[in-house]
Amino acid sequence: MRVGAILAIVAIHTTPFESAASPIGRSFDFATLLNQATRFAVPYFLVVAGYFWARKVAEAGQLRAPTLGLVRRALLVWLAWWLIYLLPTDFFGALAQGGLEPLKVTWWKLNLVARRPALALLEGTSPHLWFLVALAASAGAAAVFEHFGARGALA
Numbered sequence: 001m002r003v004g005a006i007l008a009i010v011a012i013h014t015t016p017f018e019s020a021a022s023p024i025g026r027s028f029d030f031a032t033l034l035n036q037a038t039r040f041a042v043p044y045f046l047v048v049a050g051y052f053w054a055r056k057v058a059e060a061g062q063l064r065a066p067t068l069g070l071v072r073r074a075l076l077v078w079l080a081w082w083l084i085y086l087l088p089t090d091f092f093g094a095l096a097q098g099g100l101e102p103l104k105v106t107w108w109k110l111n112l113v114a115r116r117p118a119l120a121l122l123e124g125t126s127p128h129l130w131f132l133v134a135l136a137a138s139a140g141a142a143a144v145f146e147h148f149g150a151r152g153a154l155a
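Residue 1 is where the sequence shown starts when you use our numbering, and the numbers rise one by one after that.
One or more of the hints may lead you astray.
To be verified - For lysine to any residue, the following SDA-like pairs were computed, each having C-alpha atoms within a straight-line distance of at most 20 Å:
#1 Lys104 to Leu122
#2 Lys109 to Leu129
#3 Lys104 to Ala120
#4 Lys109 to Ala136
#5 Lys109 to Leu87
#6 Lys109 to Trp82
#7 Lys104 to Arg116
#8 Lys109 to Trp78
#9 Lys109 to Ile84
#10 Lys109 to Pro88
#11 Lys104 to Ile84
#12 Lys56 to Ala120
Bear in mind the hints are in silico, worked out from the structure with no lab data behind them.
Please model the complete structure; the sequences and the hints are all you need to start from.
Written out as structure tokens, the structure is:
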């Protein structure tokens with residue numbers, strides 16, 4: 001199941017059958033069907049991460065260490081990719097435009113982050129990173145519910 005969900009995530013982000021003449025959602029075609037069929041993958045990974053978090057909480061008999069571990073890992077990956085996405089996506093193409101072009105692109109991206117700090121915090125420097133922030137926030141929220149004995153609210 002995990003491999004299928006990984007392939008579904010790749011399909012969501014690469015839209016392999018979309019064309020400029022027929023964007024996804026404009027007609028009932030294979031690209032639209034595939035796009036909708038792959039939408040299970042994101043909730044799947046949130047549920048699986050929550051399952052393994054809850055199992056660690058139960059095994060450890062404590063809430064803090066497993067929660068901080070999950071949050072720390074998710075935010076570390078988020079921060080690493082936040083920094084990577086500051087670089088030009090076509091570094092050598094930017095370099096061909098001139099030696100300072102990669103720095104200009106990075107500067108423009110930092111400028112955008114400074115103008116929209118809430119968005120930069122919630123999705124980072126690329127919209128794809130929202131999942132990691134959502135995962136960390138979900139783990140934190142679930143830990144708060146568990147701490148106050150509101151486990152039924154999580155089911």
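Checking one constraint from the list: CA of Lys109 to CA of Ile84, max 20 Å. Satisfied? holds (11 Å)
Run the distance test for Lys56 versus Ala120: straight-line Cα separation, threshold 20 Å. violated (31 Å)
Lys109 paired with Ala136 [C-alpha distance capped at 20 Å]: violated (24 Å)
Please verify whether Lys109 and Leu129 have alpha carbons no more than 20 Å apart. Answer holds: Lys109 to Leu129 is near 15 Å, not above 20 Å.
Given the hinted pair Lys109 and Trp82, is their Cα-Cα distance within 20 Å? holds (11 Å)
Is Lys104 within 20 Å of Arg116, Cα to Cα? holds (18 Å)
Distance restraint between Lys104 and Ala120, which requires alpha-carbon spacing of 20 Å or less: Holds: Lys104 and Ala120 sit about 19 Å apart, inside 20 Å.
Pair hint outcome, Lys109 versus Leu87 [Cα-Cα no greater than 20 Å]: holds (8 Å)
Given pair status - Pro88, Lys109, alpha carbons within 20 Å: OK: Lys109 and Pro88 at ~9 Å, within 20 Å.
Take a quick look at whether Lys104 and Ile84 sit within 20 Å of each other, Cα to Cα. holds (15 Å)
Is Lys104 within 20 Å of Leu122, Cα to Cα? violated (24 Å)
Below or equal to 20 Å on CA atoms is what counts here, so check Lys109 against Trp78. At roughly 16 Å apart (the allowed maximum being 20 Å), Trp78 and Lys109 satisfy the hint.
Figure legend: structure checked against the earlier numbered hints; hints not met, in rising order: 1, 4 and 12.
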